[in-house]
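*Asks:* As you go down the protein sequences, you meet chains A and B in turn.
Under the numbering used here, the first residue of the first sequence carries the number 17, and numbering increases by one thereafter.
Under the numbering used here, the first residue of the second sequence carries the number 17, and numbering increases by one thereafter.
Note that these hints are calculated values from the structure, not bench results.
Be careful, since some hints might not be right.
Identical chains share a label here; the pair holds if one copy fits it or two copies do between them.
With a cut-off of at most 25 Å between alpha-carbon atoms, the simulated SDA-like pairs for lysine to any residue come out as follows [as the list claims (entries may be wrong)]:
no., residue 1, residue 2
1, K486, G162
2, K158, P23
3, K70, F270
4, K452, A112
5, K237, A320
6, K19, N354
7, K452, E246
8, K449, G323
9, K70, A135
10, K446, T142
11, K234, V256
12, K116, G86
13, K70, G210
14, K91, G25
15, K449, V474
16, K91, D399
17, K452, E241
There are 2 protein chains.
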Amino acid sequence: MEKPSIPQGTRDFGPAQVARRQHIFGVIRRTFELFGYAPLETPTLENLSVLTGKYGDEGDQLLYKVLNSGNFLVKERRGEITPLVTAEDLETGPRAVLPKIAEKGLRYDLTVPFARYVAMNRGTLTFPFRRYQMQPVWRADKPQRGRYREFWQCDADVVGTTSLLCEAEIVLMMARVLSELGLDDFTIKINHRGVLRNVYQALGGEGQETDLFVAIDKLDKIGREGVSRELLAKGFTEPVLDTLFDLLAVAGTFEEKLDRLLAGFVTAGVEPDGQRPTADSADDDEPAHYRGLSELGQVHALLAASGFRQFERLEFDPTLARGLSYYTGCIFEVKINNVPGMGSVSGGGRYDNLTGAFGLPGVPGVGFSFGVDRLYDCLETLDLFVGAGETPTRVLLTHFDAASGRAALPLLAELRQAGIPAELYPDASKLQKQFKYADAKGIPLVLILGPEELAAGVAKIKILQSGEEKTLPLAEVVAALTV
Amino acid sequence: MEKPSIPQGTRDFGPAQVARRQHIFGVIRRTFELFGYAPLETPTLENLSVLTGKYGDEGDQLLYKVLNSGNFLVKERRGEITPLVTAEDLETGPRAVLPKIAEKGLRYDLTVPFARYVAMNRGTLTFPFRRYQMQPVWRADKPQRGRYREFWQCDADVVGTTSLLCEAEIVLMMARVLSELGLDDFTIKINHRGVLRNVYQALGGEGQETDLFVAIDKLDKIGREGVSRELLAKGFTEPVLDTLFDLLAVAGTFEEKLDRLLAGFVTAGVEPDGQRPTADSADDDEPAHYRGLSELGQVHALLAASGFRQFERLEFDPTLARGLSYYTGCIFEVKINNVPGMGSVSGGGRYDNLTGAFGLPGVPGVGFSFGVDRLYDCLETLDLFVGAGETPTRVLLTHFDAASGRAALPLLAELRQAGIPAELYPDASKLQKQFKYADAKGIPLVLILGPEELAAGVAKIKILQSGEEKTLPLAEVVAALTV
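Bound-form chain A, shown alone:
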């Protein structure tokens, strides 16, 4: 018989792991709900017509496709069966065969299903719509350390508003979740696509904005030299690159950086693209010549007004680019500084058009996501998990023989009634075996209820970690354990 196994890139989560993961999900869920985000769950299976073409060519390759059920090779109509896949299709390859045998695929991220949901329910939803979603996604990627084929995303998005309050609240939620998890040494990096555009304009270039974004995005990994090499190859010149790195290397506090970039843009003659804020917007004093800088300033001011006290952990990083994604406004990324090499544990940004691909244009929004698997690894690396054992059981009642086992049942019921997870060892085995069981499972307390104890109307309580023992009247046990 073949040994059973699970597919590469997937995982079983045993009791201790589930308990730890539930701790993380719980902190994120509570934070999302405190900020008024409502839960949404979408199906694992989506129609391939919904998924295909939304993640680029590479994404389409990485989609898991599900075979049509029944005889997927033929078409049946009015009792007549005709072949669906032909020998010619086999020659042509998956491109010809796939659409005939697979209509459905597995969820690849939480954003496209959310957009699909908003478009399908446009008539009944009330906007602004704040939703969060915590579900697994699947990618047929090469498995490697820290990269799985089944992994969890926790997204929160608000759509139907352009208010910068939402950006400020994303920073508040990120900081709250990380602090509650005990991951205090974090940096939230923030930038704005408008700033990147202004930087590009300051270089006097045209039409190569995307090349610039793609290169800058790699600054972290390949350094200034690598980025320079890439941009030189694309036709950028040395003096242009000097201007670029001068602008990007701007130093100081959040607000100093804003001021210095503003001066840089003015000096370079960048055309202002910002509108003066209307009376409704959060800050009337902002000069707001440039939309990116102005909005970053407003987010900063909203955070200050909200009593945010961790500005030393919020960094305006003009080199943050977030790849080729659909972001149009503020962008975010979070790193845990004392877990090197981990990559970002959270990220997000503002977009103009969530549901355009589904026939509903003009739905702007802003959202972000936590990577649960990376948060888990950070907490494990820093040894920040507490008390998650192999069982929820807090008390094991010993089982001497049939009579004393049965005599333990009322106490067992009472413990559970008091909300204390408890077990009676199911069989009247040797006491040593029962203690070994409690030890292996990490059950902290053992209640010894032998014939002697029962005759005296008492129970012996043993704290496994310390070895401490205490004898108590049966009637006082539950009260003693609930204190």
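Fit chain B to the known structure of chain A by using the hints.
*Replies:* Okay, now just chain B, sitting in the frame of chain A:
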């Protein structure tokens, strides 16, 4: 553009539905944990070698198969590409094509993955092992009312013990979950495969036990007449059927039925198959000539000793058969009496050999399952859901203009700090629109913070349902709302 849709038999769960489902999951999870069951989660994708052949031919048909990634039509080895699927395979059909293009499938139930997990981790698990698992499963079934292609199961099993305490605790857990959900009008039916076997022996038949079980299982649906017709066709005779229905129609209390069936078996000369209980077992006084009756009596006695007070809702039903499943001991099934036509919301039983198919024989256990979708439908039918709205938000702060919006931020932060989900309406829209928003989302309280209120250092609190208004000093708002 095609309108986006979701696959037949799958569902989106919007905010109110998720909140209600979380309520059900929460009650089940807390109960499982109080009884010492530890959480386990297995991957959505399992190898088809693990799944195939475990659910019968029909089950194999209903498995969702996932296409191998990349070019699934060819094999690549040392850079050489050879076709995998041939025109001949197309002629032969799915039987020939499937094994070449799909290695993985979607989880079909929670029992096989659990068995696979136990077999894979035999070396490190401590037995008895109590696990619960609450995850979706997928079946390519014809969708119809109440039957979905993606649905949730909540299983609890304990393996590595034959103790009847576990059976008694299943009854306690079933009763606890249903009572906590407010589904008080339930019946837990219990039977024992040994009783069914003894009934068959009482008829003097041989070799047709399965025919009898299959027919009896339908008694609920097709009645005595239907069952008779089916059994007559299988060669059972009229007098035999009379004996059968006399035995099955046994009346009285749980214990009276046990006694009367015992008398019936003795009269019919059924060979005793029960062992006298050992000193370890829970009841030394039981006559225990027949294992099935004896064990049911012991479970009843263990429940009485545990202080179980709902015996009027526990019915010994000798006609309960639970289909062709692998059960060998006690079997259970639960119905909600005041929701007619719903089918069972929970069921389970004891089995001798969980992991035999994975090379680990001799692992006995007992388990049961809740059907979350049916529980949901029962709660909805009986209008037992309370307070699940479209948002977790309890308080909406109004947003008059930029200045008063910003002035509201410290109060917003304070509310959240106190654990009260709250939102500031993101834009300075018309007040009427903001109230409409609160109303549509079911937000119970609106805090009006206009320039006048701010100047006076107060907030107006409006309770939407009653229309009641109250004005409070800003500093007292949070305290007033946390009481």
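*Asks:* Now tell me, hint by hint, if it's right for this structure.
*Replies:* Hints, one by one, checked against the model:
1. Taking the shortest Cα distances, K486 and G162 never come within 25 Å of each other, neither inside one copy (46 Å) nor across copies (54 Å).
2. For the homomeric pair K158 and P23, the shortest alpha-carbon distance inside one copy (12 Å) is at most 25 Å, but the shortest distance between copies (28 Å) is not.
3. Taking the shortest alpha-carbon separations for K70 and F270, neither the intra-copy value of 35 Å nor the inter-copy value of 61 Å comes in at or below 25 Å.
4. In this assembly of identical chains, K452 and A112 lie within 25 Å of each other by CA distance neither inside one copy nor across copies; the values are 60 Å within and 51 Å between.
5. Neither within a single protomer nor between protomers do K237 and A320 lie at most 25 Å apart by alpha-carbon distance, with minima of 32 Å and 67 Å respectively.
6. In this homomeric assembly, K19 and N354 never come within 25 Å of each other (Cα to Cα): the closest approach is 40 Å inside a single copy and 47 Å across copies.
7. Within a single copy, K452 and E246 get their C-alpha atoms no closer than 62 Å, and across copies no closer than 53 Å, so neither meets the 25 Å cut-off.
8. When the C-alpha separation of K449 and G323 is checked against a cutoff of 25 Å, the pair qualifies neither within a copy, at 56 Å, nor between copies, at 28 Å.
9. Within a single copy, K70 and A135 get their C-alpha atoms as close as 15 Å, which meets the 25 Å cut-off; across copies the closest is 40 Å, which misses it.
10. Taking CA atoms no more than 25 Å apart as the test, K446 paired with T142 passes between copies only; the shortest distance there is 15 Å, against 63 Å inside one copy.
11. Within a single copy, K234 and V256 get their C-alpha atoms as close as 18 Å, which meets the 25 Å cut-off; across copies the closest is 82 Å, which misses it.
12. In this assembly of identical chains, the alpha carbons of K116 and G86 lie at most 25 Å apart whether taken from the same copy (13 Å) or from different copies (16 Å).
13. Within a single copy, K70 and G210 get their C-alpha atoms as close as 24 Å, which meets the 25 Å cut-off; across copies the closest is 57 Å, which misses it.
14. In this homomeric assembly, K91 and G25 come within 25 Å of each other (Cα to Cα) only across copies, at 21 Å, whereas the closest approach inside a single copy is 34 Å.
15. Taking the shortest Cα distances, K449 and V474 sit within 25 Å of each other inside one copy (22 Å), while across copies they are farther apart (66 Å).
16. Taking the closest pair of Cα atoms, K91 and D399 never come within 25 Å of each other, the shortest separation being 57 Å inside a single copy and 45 Å across copies.
17. For the identical chains of this complex, K452 and E241 are neighbours neither inside a copy (60 Å) nor across copies (56 Å), given an alpha-carbon limit of 25 Å.
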